[in-house]
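**Q** Model the full assembly from the supplied sequences, consistent with the hints where possible.
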Amino acid sequence: MSHAPVEMLSSYLDGELSRERRLRVERHLQDCEECRHRLDGLHRVVQRLEGLGRISPIPYLEQQVLQTAATREQEESLRDRLERGAGRLHIERWVWLPTFGMVVALVTIIYLFSWALQSQNQGLPVVLDVESPASEAPEEDTPMAMERLSPLAEGSRAGSLQPKRDDSMHANPADAAARSQAIEIDGRFFELQNDVWVEQGVDLREPTILLEPSEAVSSEWRHELPSLTELELLGGPVRLRAGDQLVQLEFDRR
Amino acid sequence: MKAAVLMAEATGDTDLELVERHRYGDQAAFEQIYRLHAEMVFNLALRMTGDAEEAADVSQETFLRVHRYCGRFRGRSSLKTWIYRVAVNCCRSRFRRNQTWRTRVLSGSLERVDQVPDVRRGPEDHTLTRESGEAVSQALSRLPEPFREAVVLRDLEGLSYEEIARVVGIRIGTVRSRIARGRDRLRILLESPES
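In the order they appear, the protein sequences are chains A and B. Going by our numbering, the residue at position 204 of the first sequence is 204; the numbering climbs one at a time, nothing skipped. Going by our numbering, the residue at position 124 of the second sequence is 378; the numbering climbs one at a time, nothing skipped.
Read the hints as simulated data drawn from the structure, not as lab findings. Keep in mind that this is a model prediction, so the values were computed, not measured. You can trust all of the hints, since none of them are fake.
Listed below are the simulated DMTMM-like cross-link pairs for lysine to aspartate or glutamate, each with C-alpha atoms no more than 20 Å apart in a straight line:
#1 B/Lys334 - B/Glu293
#2 B/Lys334 - B/Asp269
#3 B/Lys334 - B/Glu274
#4 B/Lys334 - B/Glu271
#5 B/Lys334 - A/Asp186
#6 B/Lys334 - A/Glu62
Have a look at the derived ranges for each label pair, beta carbon to beta carbon:
#7 A/Glu34 - B/Glu271: 45 to 55 Å
#8 A/Gln181 - B/Ser414: 31 to 41 Å
#9 B/Asn352 - A/Arg21: 33 to 43 Å
#10 B/Arg396 - A/Pro213: 34 to 44 Å
#11 B/Ser414 - A/Gly243: 15 to 25 Å
#12 B/Gly325 - A/Ile209: 25 to 35 Å
#13 A/Glu76 - B/Arg351: 18 to 28 Å
#14 A/Arg253 - B/Gly325: 23 to 33 Å
Computed footprint of chain B on chain A, listed as stretches where at least three residues anywhere in the stretch have a Cβ under 8 Å from a Cβ of chain B:
#15 11-18
#16 44-57
#17 68-75
#18 189-203
#19 220-230
For glycine and all other residues, C-beta sits at the position ideal for the given N, C-alpha and C.
**A** Spelled out as structure tokens, the structure:
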């Protein structure tokens, strides 16, 4: 005699079977002692689990959670204000820099004309000579002089001519903040790591199954994936857990 | 805890209203969300980790995520289901970061947890409950994580198969199978603890 599958016995306990299946299980149980024994065992397990009861959270937890949440909120609000301020400064710089340049140019022209007029009045010759800087450069700036420089001096000079870019100084703080923020989709959290959106807790080194979005729709993991539309909006590949597997969805970068 | 439930009932706040109040900076709204769901998150974390301090850490992480992201709660499921989902994901992340849980659970840290008395039971029940609870908790800690998740959500948290499917992000058929296999393994472990 074949036995009832454990899924059926467990669902029978939970009242999760259709009437027809329930009657079939009951008929089988009348004749099969082994399944009756198994069902009793499952029933005892459920009773013992329910008997574990509820436990109140550790008393200090509430205060700790509320305080930490309030502190983080203050930090986030301060960061938002700073980012908004930085954004405003950024826009103003584009507005004010050309304006400031035009004002400086205008003042210089007015000054030169007033000086020329003044010189004419005093009978002095006016020379407005706009020579290239190279013609007035000291000897050390000529190619011949450069060749005479020691490697060390040359290095330091090259350094002075082309200052090394310090990326850390130029990094956009808003980008850095954005990178540090996890994005939540259907209760799961994703962070950008090396141009891949990685679900929190997933190690980039773990072996991964690559999936095109169209394959994901028909895959067996479809129901274990959060909203594909929202994942696609992240822009770029997304690596996440699907059941016991690690998959990478190959969305195109926007 | 009951006060928060009564308060929510008294004010008639729905999940979305609570979330909306929180979004507009009403600190009391988050406190209410915490008080309504703290016990459920703590117990889930406790049964998943088997350690009261770990459970407290998981609870804190869960509520900090809820605090930060609940503005994105759209009301497609209940707030309770959404918070369960966040808590389950926190447990999973923490479990993968800290593979020593299993070792610690097996080494008996559950004892301390199950000695915390449940005030809803009579004093005469406590000795029996403690002994039985210890064995069940130990057996639970030996289940593979997906089975433990399903069994805890069903038999300890009382979620329906459909709710579990939404929380864990799997099909109902898989829920059915994980619950059944989890219970069956527990049955074997409890009937012959050496296995």
